[in-house]
Amino acid sequence: MMKRIIAVAAVLVMTAAWAQAQEVKVGVNLPYTGIGAEFAQLVDRGMELYLKLNADKVKPYKITLIRRDVKDPSGANAKIAVQELLTQDNVDILAGWIYSPNAIASAPIVTAGKKLAVIMNAGTAHITNLSPYYVRTSFSMWHAGYALGEAAAKLLNGKTAVVGYTDFPPGKDSLAAFKRSFEANGGKVVDEIPMGGAGAVPDFTPFFQRAKDKKPDVFFVFVPAGDHAAAVAKTYAALGMREAGIKLIGPGDITQDTKLQAMGPAAVGLITMHHYHADLDNPENKRFVEAWKKEYGATSTPDFMAVGGYDGMAAIVYVVQTLKGKIDVDKALEALKGWKFNSPRGPISIDPVTRDIVMNEYLSEAVMKDGRVFQKVIGKIDGVKDACKEQKIGPCAPK
Amino acid sequence: MIFGADVASMLLGGVAAGMVLFIVSVGLSVTMGLMGFVNLAHGGFAMLGGYAIVLAMKHWGLGFVPALVFGFLAIAAVSAVLERLLYTRLYEAGELDQVLFTIGLVFIMTASVTLLVGPENQPLTLPSILRGQIDLGITRYRTYSVVLIAIGIVIAVGLWLAFERTRMGAQIRAAVDNRRMAESLGINIGRLFTVTFAFGSGMAALGGGLGAEFLGLDPQYALKYLVFFLIVVAVGGLGRVTGVFYAALLIGVLDFVLKKYVPQGGTLFIYGLTVLLLLWRPQGLFGGKAAA
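Those protein sequence lines, which keep their order, are chains Y and P.
The working numbering puts the first sequence at residues 108 to 506.
The working numbering puts the second sequence at residues -11 to 280.
Heads up, a few of these hints could be off.
Unchecked claim - Straight-line C-alpha distance at most 16 Å; calculated EDC-like pairs for lysine to aspartate or glutamate:
#1 Y:K322 <-> P:D(-6)
#2 Y:K321 <-> P:D(-6)
#3 Y:K319 <-> P:D(-6)
In short, the hints are calculated from the structure, not lab data.
Just chain P, with the same shape it has in the complex (with noise of 0.2 Å):
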């Protein structure tokens, strides 16, 4: 019994922490799956949004849910005129210059941060609803982490809906596999990737302000975790909404379970684990270039 609820708090720890990385995630590989552009600037947004939502709340009074709305439509806002300005114009460039382009554009989100708000760590303030523990029958558990799996699954589904069963979806899917012939077709390239552009930075600001009970949030958050989300992506392969889903889960319960029991390593062995599998399996785990 003693054992089951070592394992249920492990387990509910490592997928709440793996829930973050997925919200966080799933737009950079829609994102760099469609437009094939490397956006290292992903983890900015992030940032950006998990600002946004934490001020909203401190200046502005604004509730913990109202906030993240707030920080999902202002960062897709942002990240709309970003696109329309600055990204196009790196669409046909090499990767070279677009990573160029993405990071140097990091660096302005760091330095802009700084300037504004300050270098410390800006705390999240949650509702005191989700604060404490909550009883799960096994084992008692941190409520926040628990809430954080259900909005997790929860948003999965709705994009594997989304992804699947609609018309947006499918055009994104289209152009995934094939761009000159979904183009061909009628479909509006250049609009479809303004909106899931958005919307994929709309996602990481969500995540950045859901996670930020996790991962805290100063300036230097769009450096520091941007391996983690390239991870993700590289694991979970480009494009796949369910490739993501699997691969934030393993790799938030994997990070979970070595920090717990070999604390001594660190960051070491995920890092390690993920150079052995993208040698093994260069498409990432769960992507096939082809399969839907």
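Excised from the complex, chain Y in its bound form (with noise of 0.2 Å):
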């Protein structure tokens, strides 16, 4: 009897230690209340579509989230909620940040706690620079503001460019990343127009009003992925810059896939340069749409928010995989920088020396097709890596 007893505690013991050694912590710490909500849901369902649709490469292992919600961009809350994550939850991993200001403050606590951490969203270029540990899956304002400065020179022969933008960091990083690379092409930034700040949709007749005054060929408009975007097509046709022969312009935020039909006939012609929308044509991505369809209905849409919080879960499935459940920081981070993925943007990886990644842009057109605003791609760049780690350009030059 007393044998039978010691043999059921140690297989209780053994299938304990066992089911430890399976499981993976992944703290994720997102805007869930609040304005950033929808935007918070976005990665979070793109992070579960992952798991679910690749279960079988997950396994034997058992990744478990443990969510946080960090409110606002002020910083402050996201930095308590890693904290949290950290010694409360002892998680192995950290992810999430969809607001730059959170993973600038985060840093300093990212960096004590040794833990790897995946940025699914904050894109103000530098931030990869501030913690050893900072991986990002999503994009650098420099994606897209760089290679737009170019085509727009090159693809669209602008010779005139004004600059609006929202007046926080990525807002900034945008613009510098667009007139450097535009004026490099022979163009010339004639305008920079601040238009208030990122929490809340300003009436953008006066600064359109000025941008159209100065008659420039293109009007570059960076302003935060949500509400923004709908104001910004509003405005542009109500003013009749189109008929005046202003191109508006900018990174994918202002033609949001999740935004986008709302704004309907508005956002005809409006010319991105971007790393995802959910009409890009590839097997992969077809795939994704359709699962997302599937699972959150139908006139849900993904978005490329929703590709970081999913191309941000397989890198992580990635490193539990080849380190076989046991997360040591610097293996994972090595163990990263051999990584390649097949994702729904097109074929991306990190970037051994930035830890950013690299990855294609999209040049796309908004086309009106079977009654619905279509984005037509009118040019591709492969392989494209952050320019402002690459030129080591201001904050971006390696400590």
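Starting from the two chains in their separate frames, assemble the complex, guided by the hints.
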């Protein structure tokens, strides 16, 4: 009898130990409530969808998501959330970060915590320099901004440009990226217009009126993803800027998939440079969009934020498999340096030097097709790296 | 000629923005002047009105004009109930109590809207004839701005006539100038208050709907623009339709011009100018205590 009890106990202890070795805890920080709630949902669904579609790739390990609400872009709440994930929940891997200020504020904690930290959205270029454990699966503002500067000068034959930007770190980054490559390719930025903060959608009329008066060939607009885009397209159309021969261009935030159909005809003609939109024509994306609509409803659509979460989870699963469930941060970084993945946005990899993503950029034009706004790819650049760190500009230079 | 078109487009943009401010603020000015009540929830009524109008168009397929009428009536009714149930209890209270009460009301409105409709911006879909551009001879400008200016002028003239030429208007003016005397002449102040309050809130609702194209519509609306509405009332003077009208135009144009030419300054200049103006004329630019 005694022997049996000991045997059972031994088995229980062993299974417990076994189960423990199998589980990898991923601490997710996203703004689940407040103005960023819809973004958090997109990234969260992206992560969930990857786990769901690739359940066999996760086995025999178990990935547990521990979610923390960071509420807002202030930085302070994100810092607390990351700290709690590290010290109270003892997570193995950190993930999330919608807003740049949050990623900037969390950096010292991430460094002190010595855990792999996967950035799934925040796009200010120099963020990955702030902690050696940051790996980014989303984008840098320079990916689109820099590529679009060149395309605006060469493909769209722009000689002059006005830049309108939302006055916060990614906005300034986007302005710097666009200006540098546009002017390097013979263009001239004739005016730079800060258009209020990121917190609220302003009335764009005075800013756009100013841009219109300068009569540029192209008007480059950076606004944060979300509600700003509709107001941008509306004001552009209402002020007759298209008729005045001014092309509205920008990163894909102005044609975010989740907002595009509501913008309707006002969106037609917008030209964007971005790494993803739901209309991309590749088998991987077709599968992804189909699975998304099946899971979250026919009227819902993934967008670049969802793909940031999806690809981020792919990277995490790859690390878990490569390290056999025992996550050591240095080994994890080493593993990710050789990671290549066939994403819905096309082939991606992690730059071994900068830990930032390398991916394709697509130049697209919004057109009307079958009664809906469709993003037609009119140009593509393969294997784009973050130009800010490539060229060691300003805060992107390594310390 | 180019210069003329520039100035014209700038004035049109600014005046249109001013009209929105006027339509929302005029009710605040009258209720504050009439009842001496500091109603910080006024922006909240504008917000609720905007939501009522946008959602009625979206879900019930109401046209823009019927939706505006609906928004006006719905918010007037809601505010009349609130006035009878809650506001009357605080008429005799101090300003601080009134401020605390109404700001609390704003928070409740914001939270309710977030809960019921969601945190995101609600886009207003204008009828197609109001979209696009209109040729005005010297310049082409967005149709909606021009229409808004026309609506604003009609409302201003209508209110002025109602205020100066009708019995009700005379009663309100009498009550603003000397409440006790008005009461002793047999004017039913309680009823007058309710009607005026409901009407002012209805106007705010109308402004919330008409202005959604420019100001957007989200749960933060009530607090975000409150300062602007208060500035208009402070500059225009209490209880003065014409004062509020001029003040709204002034602020609208100034804000537009400053944002266009010095976008780096943000809204700083408007606040700075308001501070200076109120130091110079605490009763407002167009307000004279005794003048009608």
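Ascending list of hint numbers which this structure does not respect: none
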